Each structure stands twice: as structure tokens, then as C-alpha cells.
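In order, the protein sequences belong to chains Y and F. Quick note on our numbering: the first sequence kicks off at 62 and runs consecutively. Quick note on our numbering: the second sequence kicks off at 8 and runs consecutively.
Bear in mind the hints are in silico, worked out from the structure with no lab data behind them. Among the clues, some could well be false.
Straight line, CA to CA, 25 angstroms or less: simulated PhoX-like cross-link-like pairs of lysine-lysine [stated by the list, open to error]:
| id | chain 1 | residue 1 | chain 2 | residue 2 |
| --- | --- | --- | --- | --- |
| 1 | Y | K311 | Y | K287 |
| 2 | F | K233 | F | K139 |
| 3 | F | K346 | Y | K312 |
| 4 | Y | K293 | F | K247 |
| 5 | Y | K293 | Y | K311 |
| 6 | F | K289 | Y | K235 |
| 7 | Y | K306 | F | K139 |
This one's a predicted model, so the numbers in the text were calculated from it and none came from an experiment.
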Amino acid sequence: MKTGLTTHSLSNKDFREQLYSMLQQGIKPDFIILHYSGRYRFSKASGFIKKVLKQYKLKSLSYILSRSSNAASVPSYSLSTEAEKEVDNFLSSAKIIPANGINSASTIALIKGMGYAIIACNSGKLNGSVLSLSNAIFLNVHASKLPAYRGMNNVEWALWENQDMYGTIHRISKGIDEGDILLQEKIETPKLQTITEYRQFSFFKSNELMGKAVTGYLDKKLSFVKQEISGKPLDQYYVMHPILKEYLAKKLTGR
Amino acid sequence: MLKGLLRYARNFSVSLLFKRERNIVLRDFFRYSLGQKVINNQTINPWSDKIYNETERSEALTKAINWLLHSQVSMGDGGFGSYRIITGWTTSYPETSGYIIPTLLHYNKEVQQNDILTNAIRCGDWLITIQKPSGGWQGEYMADNRAEVVFNTGQIIRGMVGLYKQTNDKKYLDSAVKACDWLCSIQENDGCWKKSAFMGVPRVYDSYVDAPLLQVYEITKNELYKQKAINNLNWIIDKKQLENGWFEDCDNTIKHNNRPILHTIAYTIDGLLESGLLLNDKKILDAAIKSADKLFELFSKHKYLNGRFDRNWKGSQDIICTGCAQTAIIWLELYKLTKNTQYLNAAMKMNDQLIFIQDRQVNESANTKGAIPGSYPLWGRYEAFNFPNWATKYFADSLLLEKECLQEAVTLSSTK
Chain Y
62 MKTGLTTHSL SNKDFREQLY SMLQQGIKPD FIILHYSGRY RFSKASGFIK
112 KVLKQYKLKS LSYILSRSSN AASVPSYSLS TEAEKEVDNF LSSAKIIPAN
162 GINSASTIAL IKGMGYAIIA CNSGKLNGSV LSLSNAIFLN VHASKLPAYR
212 GMNNVEWALW ENQDMYGTIH RISKGIDEGD ILLQEKIETP KLQTITEYRQ
262 FSFFKSNELM GKAVTGYLDK KLSFVKQEIS GKPLDQYYVM HPILKEYLAK
312 KLTGR
Chain F
8 MLKGLLRYAR NFSVSLLFKR ERNIVLRDFF RYSLGQKVIN NQTINPWSDK
58 IYNETERSEA LTKAINWLLH SQVSMGDGGF GSYRIITGWT TSYPETSGYI
108 IPTLLHYNKE VQQNDILTNA IRCGDWLITI QKPSGGWQGE YMADNRAEVV
158 FNTGQIIRGM VGLYKQTNDK KYLDSAVKAC DWLCSIQEND GCWKKSAFMG
208 VPRVYDSYVD APLLQVYEIT KNELYKQKAI NNLNWIIDKK QLENGWFEDC
258 DNTIKHNNRP ILHTIAYTID GLLESGLLLN DKKILDAAIK SADKLFELFS
308 KHKYLNGRFD RNWKGSQDII CTGCAQTAII WLELYKLTKN TQYLNAAMKM
358 NDQLIFIQDR QVNESANTKG AIPGSYPLWG RYEAFNFPNW ATKYFADSLL
408 LEKECLQEAV TLSSTK
């Protein structure tokens, strides 16, 4: 069985962390599908830029300065310089396949032609025609416990409810975070100060699980476990209201 | 159809004649009609990125209460009316005046402002003077001079119970008891109310009558009130609620019973929920939760709720603001019951939308400032170009309850 990754950018942080965790486990991925982000991402990005411009236009200079100074003070959980070098070395000789959007017909045909493969996916939403490919298993990293924390802002909600942090590698399926679980581990989390720090930490640690999950699957030591999903709308988490986030931030800093 | 179109044309043209009213209509036009965008087949509504902080929420609540009080002053008799852009103030509406009383009492508790209590008492005293010899209260506005109606009577009982609990003055309890006796005397054998029902047709939203009946039962221990409420609740759940949570006979018209308005759907759910809590009855609570969760699902998916829903919960028509506020209240009550923060989270997002609608940012007269319109945009089908007092009442209720729930949620999260 082949191993691979998908990404819309070789500098994508999650992609690089997952690739590194695979290299650490002795897996040299057979291919990397580098796809265009597509119109969806373009419109999303332009929407984001517009929103930021609109927001900042209304904010005072001191607000902007305080935002940037806060951002600078957040410790970053990311690959070390050596690890980044190892990733770059691998990428210089890796089989990188340029493709159209991840859901495009040509990309589907490309994946179909790969034979059996397990693919760590960093490509946004996959549509039904991609997910129905019988030769490919698409994996996702979810920085929380499943099925408990399906949906949005799962790190924030787990913190709100004072629950432990988990990292989960699961198969991507049609529903939101509903796919079978390949690996789930508790993340020992130090006391951090901000939501951003907790998010960075838990995503970083969750990405580290990818190599272990893929190796375990290839060595037949791990298998997919079905999630017990109730299907009730309230068993899913939604974007946390900013006022709740504000209170969560205060709680984390002990204010 | 033609009549409706002519009415719309008249409403639009008249509202554009007056400067302040024109500002409101044009503001809605620019914010709503031009503010909507479609990205990747998804409609992005103008309120979707509007978030209001706690200070702004408090200000919105104050503005809403001030408008209600202005409405009472404008009536002169102690009741509360509604403001229509085209024709100005209506006369007092006994039913809604009745259920505005608990809102004022709740606000009074919050701000400890005794003159608000005086306003509530003034309204209650006026309602006693217009109680019919039967014990019921008339339907619609005072000027309509209608016969007594079951639903309307139930809502005034809420006010009477509130005032009795607050002042311990027996006249309010006597009035409520008289009304309950009348309600019990005219209930049909199968548990519904047909006689003296609005348009002579039984409605499921009479669950919102059952709750005040049970409130009076709690005080008087008159078993008849409890039994009659249970009879009606069973009729609703066993005969009128579908498996997917939707209700038959839920609209306040006969013509549109196939797609009732959110306002009456929310009445029905809230009545079930309140009654289920008062009776501590799982069957009734489950029936309420089933429908409330469906609205939660639709809101989470579409980021707003339509004005009407058919039996498959397919939405149609513009936003009906009062229904949105009532739905937020239901979710907040469910938060209190279940401690599931997703209910609170959704209610807060709904309140953001309503504050956006209230916050028109134009120069307004006291007749509209702080008021919530019937529909959004203002020219939507429900109460077009009107500011019905019940929309603002439920909006205020929702903000008051949100504040309580938020405090509870923050405390729970900090102490878990």
C-alpha cells in the first residue's frame, strides 16, 4: 500500500508537521499531491481580507499595536530547525504531483490511478466523489477527543468544559468528524496562558500522531474503529460565541 | 393578492413620505437588500459577522424597556400598544400587556428600579378593570372590542400571577382564579379549546395557556387547573405533534396551517417546556425538546430562521423577529435545564441578530427607537411596517435570560 499526503502549499504548517512525523516513523511517502487551492479558497481568502480590512479600519492604532505585540509574545509550537531541514531534504527528492483542485475530476482520476493508498489529507472539504474512491483512505487530524468534540472550536469547547486534550487521526467521511478512528491519544498538556497557545499546542501534538497512525495501520497493529454517533444536532460543537471566548481567555489567564 | 399588493404599495409610499420613517425603511433596504452576498452558493446575511459585547447588550435591553414604557405612556390607559409606521400608535393590546408585566417585573429585579414596578402595577390594575364578567379577556386591540379569547386570557393570567407574587395583593390572584375557572369551564372533552378560541379553531399553541393555568395551580392547589392543563398538553402531544417535532393546527390563521409562523411554533414549544418543568413530566419535556432541537439544527445550518415552516421543516418567508426572540428564550430555558452550552451559544448568536435589527443607527423618534419590528426586513409579511409590542417584549426577555444563563455558564466552567 502506498502512502501519501495532500496539501495546497508545501509550506503549510500542518502538512509539514504530519510529513515529519511520518519520516520519524521511517515512512517515506510515495507521493505528495500539491493541488491548487481553487476558487473556493480564493473567494474565502478574499472574503477574509475584506473582513480584516473592514475590522482594522474601525480599530484604533493602539488596538492594532496591542494585537501585534500579543501575537509576538505567543510561543509557537512548531518544528525545530533540524526537523524543517529534514522535511526540506525529503521534499527536494519527493514525488510531488501537481493537480487541480482536490475535488476536480482530473485529481480524482489521478488518485484512482495510484492504486491502494493511505493519504494524510490537508485539503479542506472533500466531496462525495473523492470519498467514494475505493482505493484510497483519506486521513484527517482532529485536535480533540472524538466523538465527544465533533465540529468547530473543539479545543476551546474542551477547555471550557475542563476536559483533557486529545489528538485523533480518523478517516474522512461525509459527515463532520464522523469517520472511523484509527488512533486517539491523550495529550499531556502543560498549563498555558492563552487560547491560541492551547490551539497551537494541541494541533502540533495531534499532527505528531500521523506517523504513528500510518505505521500502525501498515503494520496491521491499528485498525479503524467506528464512532458511536447519535446524529443529534446538539452532539456537535459550533463556533464559540466571542463573549464565551472572552470568558474562556480570562479563565485561562486566571483573571 | 391584489389587495395585499395595494397595501404594500401604500405602505411603502406612505413610509417614504415621512423623514424618520423613511430613514428606517431605507436603512433596512441598504442593510438587508444590498447587504446580502452569495458566496459559493451560500447566502451571507448582513448580520452574520455582527457581534455585540456585554455593554452593547445591556444598552439594547435598556432601549427595549424604554420603548415598552413609552408605549404604555402613549396609551394612557395603562396598557401597551404597538406602533405602526403608517397609522401610528394602536390602542392597548390586553393580551400582550398581560405578558409584558412579567418582563417588567424581571427587569425591575435586575435593575432595582421601583418605578418600573409601578408601571407593571398600573397595567395590572387596568387589566382587572376590563376583565369580562365571564372571567376572560377580550381578543386583539381594545379598539377591536372583541369577545373573550382563550389564548389572550391565558397570557393576562401570567401578568396577574406575576403581580400577585410580587405584591402579595389578593386582587391579582382573584382575577387569575376567575380567569382559570372560565378557561376550565369551556374546555372540550378531548382537551382542546374550541369555544372562544381565536377564529373558533383549536390551536396547539394553547400550551402557552396551560403553563399559566399550572402557575395558578401551584398557588391555589386547585386540581382542576392541573387536570385541564394536562388534558390539553396530551391533546397537543398525542394528536398534533408529528414524529419530526412539527405541529398541526399551529398557525394563527386557518389558511396557513400547513406552514405555521415561527411565532406560534415557539409559543407551542415554550408552553410545553414550561408546563413540563412545572409538572416535572418527562413526556412533555421530551416533546418540547424534540421541536426545539429541530429549530436549533436549522439555525445552526442556515444561521437564521425563516418566518414559516412546513411539515418537513422547510422554511419560507422573511425573519419574524418575535419568533426568533422566543426561540432564543426556549434555548436559554433548555440551557438552564440541561446545562448544554450549545443552547446558550445559539441563543447568544440569535440575540446578536436581533440587536443588529434593533440597532438601526438612524435618527429615530421615541415611537420606534429601541423597538423590534414584526419582520426583518421591515416589509416582511408578518406585521409589515409595524413594531408590535410583543416582539420587543420577547427580545427584552431573551436578553434578561441570556444574562442569567451566561453568568451561570461562566461560574460552572470556572468551578467544574
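Checked hints:
1. K311/Y <-> K287/Y: violated (37 angstroms)
2. K233/F <-> K139/F: Cα-Cα ~23 angstroms, so holds.
3. K346/F <-> K312/Y: holds (19 angstroms)
4. K293/Y <-> K247/F: This hinted pair holds, its Cα atoms lying about 23 angstroms apart.
5. K293/Y <-> K311/Y: violated (31 angstroms)
6. K289/F <-> K235/Y: violated (34 angstroms)
7. K306/Y <-> K139/F: Violated: K306/Y and K139/F sit about 52 angstroms apart, past 25 angstroms.
The structure does not agree with the numbered hints 1, 5, 6 and 7 stated previously, though it agrees with the rest.
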